Amino acid sequence: MQHRPARFRDRRHTCEGHVSDAINDDIVGAILGAWGGHYSGRLPLGYRIASAASILIYAFLITVILDRAEFIELYPPGWSTTGAWIVFGYLAFGVLLNVISRSEPERYVMTPVALVLATLALLVALA
Numbered sequence: 001m002q003h004r005p006a007r008f009r010d011r012r013h014t015c016e017g018h019v020s021d022a023i024n025d026d027i028v029g030a031i032l033g034a035w036g037g038h039y040s041g042r043l044p045l046g047y048r049i050a051s052a053a054s055i056l057i058y059a060f061l062i063t064v065i066l067d068r069a070e071f072i073e074l075y076p077p078g079w080s081t082t083g084a085w086i087v088f089g090y091l092a093f094g095v096l097l098n099v100i101s102r103s104e105p106e107r108y109v110m111t112p113v114a115l116v117l118a119t120l121a122l123l124v125a126l127a
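Residue 1 is where the sequence shown starts when you use my numbering, and the numbers rise one by one after that.
Note that these hints are calculated values from the structure, not bench results. Treat each hint with caution, since some may be false.
As the list claims (entries may be wrong) - Computed spacing ranges between beta-carbons, pair by pair:
id, residue 1, residue 2, range
1, I72, V116, 21 to 27 Å
2, R107, S54, 15 to 21 Å
3, E70, V116, 33 to 39 Å
4, F71, I49, 38 to 44 Å
5, A50, E73, 26 to 32 Å
6, A52, I100, 32 to 38 Å
7, L97, P77, 29 to 35 Å
8, T82, R107, 16 to 22 Å
9, A52, G78, 27 to 33 Å
10, F93, L126, 14 to 20 Å
Only a predicted model underlies this, so the values are computations on that prediction, with no experimental measurement involved. Note that the Cβ used here is the ideal one computed from N, Cα and C, for glycine as well.
Please model the complete structure; the sequences and the hints are all you need to start from.
So this is what it looks like as structure tokens:
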């Protein structure tokens, strides 16, 4: 792991720091267990593009869940209900992918995180 200046180390404990690190680590190319940990060093360009796309996908999923939970109004009522079930299915599939990952850290760390996210999406979809 490379040495980071103090201003970056201090930010790691904030939400902004985590987002910044995710962007730096996955998109810029310095990785830490990203994409199953198959690559050491810099991610190939295709994986960096996919990492950037995943940020947009998750932003969209968040808007669907927030709309279904009636925190915001972006989509027609029937659409957000169906969308919440699609979000649940997507996140449940993520649980499966983390369970079968060849990366041990990904299995042990990300599987519970994915399970919590899928469970919360299920609760919103059922509401």
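Against the structure, the hints:
The given range of 21 to 27 Å is respected by I72 and V116, whose C-beta atoms sit roughly 22 Å from each other. The hint said 15 to 21 Å for the Cβ distance between R107 and S54, and at roughly 19 Å that hint holds. Look at E70 against V116: about 22 Å separates their beta carbons, and that is not inside 33 to 39 Å. Range check, F71 to I49: about 31 Å between beta-carbon atoms, so the 38 to 44 Å window is missed.
Between A50 and E73 the C-beta distance comes to about 31 Å, which sits within the given range of 26 to 32 Å. The hinted window of 32 to 38 Å between A52 and I100 is violated, with their beta carbons roughly 25 Å apart. Between L97 and P77 the beta carbon distance is about 31 Å. The supplied range of 29 to 35 Å therefore holds. Taking 16 to 22 Å as the suggested C-beta distance range, the pair T82 and R107 does not conform, at roughly 31 Å.
For A52 and G78, the hinted distance range of 27 to 33 Å is satisfied, since their beta carbons lie about 31 Å from each other. Between F93 and L126 the Cβ separation comes to about 18 Å, which falls inside the hinted range of 14 to 20 Å.
The structure is inconsistent with the numbered hints 3, 4, 6, 8, although it conforms to all the rest.
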